[in-house]
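Colleague: Chain residues, written in single-letter form:
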Amino acid sequence: MKYVDEFRDPELIRKISEEIRRLVDPNYHYRFMEVCGGHTFSIFRFGLQNLLPENIELVHGPGCPVCVLPMGRMDDGLSIAQQPNVIFTAFGDVMRVPGKHGTPLELKARGADIRMVYSPLDALKIAMDHPDRQVVLFAIGFETTAPSTALTLMRARELDVSNFSVFSNHVLIIPAIQAILDSPDMRIDGFIGPGHVSSVIGARPYEFIAKKYRKPIVISGFEPLDLLQSILMLVKQMREGRFEVENQYSRVVPYKGNISALDIMKEVFEVRPLFEWRGLGTIPQSALKLRPEFAKWDAEVRFQVEGARVNDPQMAQCGEVLKGVLKPQQCKLFGKECTPEHPVGALMVSSEGACAAYYHYVHLQDAVGK
Amino acid sequence: MCLAIPGQIVEMFDDDHHYAVVDVCGVRRKINIDLLKNERLFLGDWVLIHVGFAMSKISEEQASEQLKLLSMLDESDEAIEEVKGYQFDKERI
Ligand code: SF4
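If you're matching them up, the sequences are chains L and G in order.
full-length UniProt numbering applies: residue 1 is where the first sequence begins, and numbers increase by one.
full-length UniProt numbering applies: residue 1 is where the second sequence begins, and numbers increase by one.
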């Protein structure tokens, strides 16, 4: 846990936190959702909730890509990994996500050729180094990562690497926010918009949140000061009865986004009519698949993928936590059957998952305090 | 995955516009710069890096802010690990 004095500008932090206290309506309970897992991570690490008045509640959103992946997709991926002659590659976070019959790491220990990569280009390199094997990339991520996968596929086509394919689980942030806004058990007053996703999509796609749903949204950076400033901007908007898209992170996020990244995504991917999200159900037009022109590099075309639907383990309440209906420690498995060492759900795996963040920085602190 | 890593461009290639070499806390690696082809990149520029690709051009000041953030979050070692993990610079991809 960090203390105010350790922050870059403790005086400014104190000032903003006092300003928030001054401007909130003491009789109202505010619920702001930080959509992005990077924000969740920052908020817990810096103990930001402690700097806010009690009636501001931060709700953790669906912006951690491994957390929203349903177990069926994990199992589909792992069924490819177990086929003969396949080298299966994935980012580090994915390696510890449990499928029905274990995590990629466990399957690797049992003999499957599963390798961790830091970049989609590394998966392509492995394919070029092993022309006699089929190399598959388990691709995940929001619009921050999707352009990189797209460019890797364009490179694969350019260099005519035919033993490389991508199992795409790329998801889109806007339909997820829309699903939350449409969900009957939700009451969110405003959104802290993701920083790096927005550097790709820009601020423009969030306009509907302000116009149609009349909720404020502020795109935010990741520093304590950024996040507090964004919360202050949300409080101000509510106080003044405004619903706008504001950009606190304009030093990195242009209003129109990164046009070449968006063009590259469009060239390689098309939107899936339906995609299942853990906890949020099936959301229309919320994920990306490869266009038919890239069928040669599409793992779903190349391999028999079952389209598995697997229910989450009984008692696991990942869905409720993802929607912000339950706090992580209210899940019956939290800290007992489900820990970062033995995760039952994906929210306990990634450092950006609400359960792992909560476990590390609140649960441990409580334990020490007792 | 959502936190980007700042790096400074220390080498550009005349014959290969897809790539540049960046320095991240003393570690040098080749990264792909196609996502920034609408911006003109020069030696000495700072970029945010995500999974081996330059995502946005930033100022030197923002770069040092981002480095500070990573160290405040105890994430700088992981960031350096990640950059070291990029293997594709050993040959042209
Ligand atoms: S504690 Fe585990 S099972 Fe419960 S919601 Fe979190 S990740 Fe899911």
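Hints should not be assumed to be uniformly reliable.
Cut-off 27 Å, straight-line C-alpha distance, at most; resulting in silico cross-link-like pairs (DSSO-like, lysine-lysine) [to be verified]:
#, chain 1, residue 1, chain 2, residue 2
1, L, K266, G, K57
2, L, K211, L, K266
3, L, K256, G, K84
4, L, K108, G, K84
Per the computed footprint, the stretches of chain L lying under chain G, defined by three or more beta-carbons under 8 Å from a beta-carbon of chain G, are [to be verified]:
#, region
5, 117-123
6, 146-156
7, 176-183
8, 322-334
Partial chain L-side listing against chain G, Cβ under 7 Å, derived [unchecked claim]:
#, residue
9, R22
10, P26
11, G47
12, F222
13, D263
The hints are simulated quantities; they were obtained by calculation from the structure and are not laboratory data.
Where a beta carbon is used, it is the ideal one built from N, C-alpha and C, also for glycine.
Colleague: Hint by hint, note whether the structure agrees.
Modeller: These are the hints, each one checked on the structure:
1. K266/L - K57/G: 22 Å, holds
2. K211/L - K266/L: Roughly 26 Å between the alpha carbons, so the hint for K211/L and K266/L holds.
3. K256/L - K84/G: 32 Å, violated
4. K108/L - K84/G: Distance of about 23 Å is within 27 Å: holds.
5. 117-123: holds (count 6)
6. 146-156: Our answer is that it holds, as 4 residues pass the Cβ test (under 8 Å) against chain G, meeting three.
7. 176-183: violated (count 0)
8. 322-334: Three-residue rule not met by the region 322-334 of chain L, so violated; n is 0.
9. R22: Where the cut-off is 7 Å and the nearest Cβ of chain G is about 27 Å from R22/L, the hint is violated.
10. P26: Interface hint status for P26/L: violated (31 Å vs cutoff 7 Å).
11. G47: 12 Å, violated
12. F222: 6 Å, holds
13. D263: Status violated, d = 9 Å.
Hint check: violations occur at hints 3, 7, 8, 9, 10, 11 and 13; the rest are consistent with the structure.
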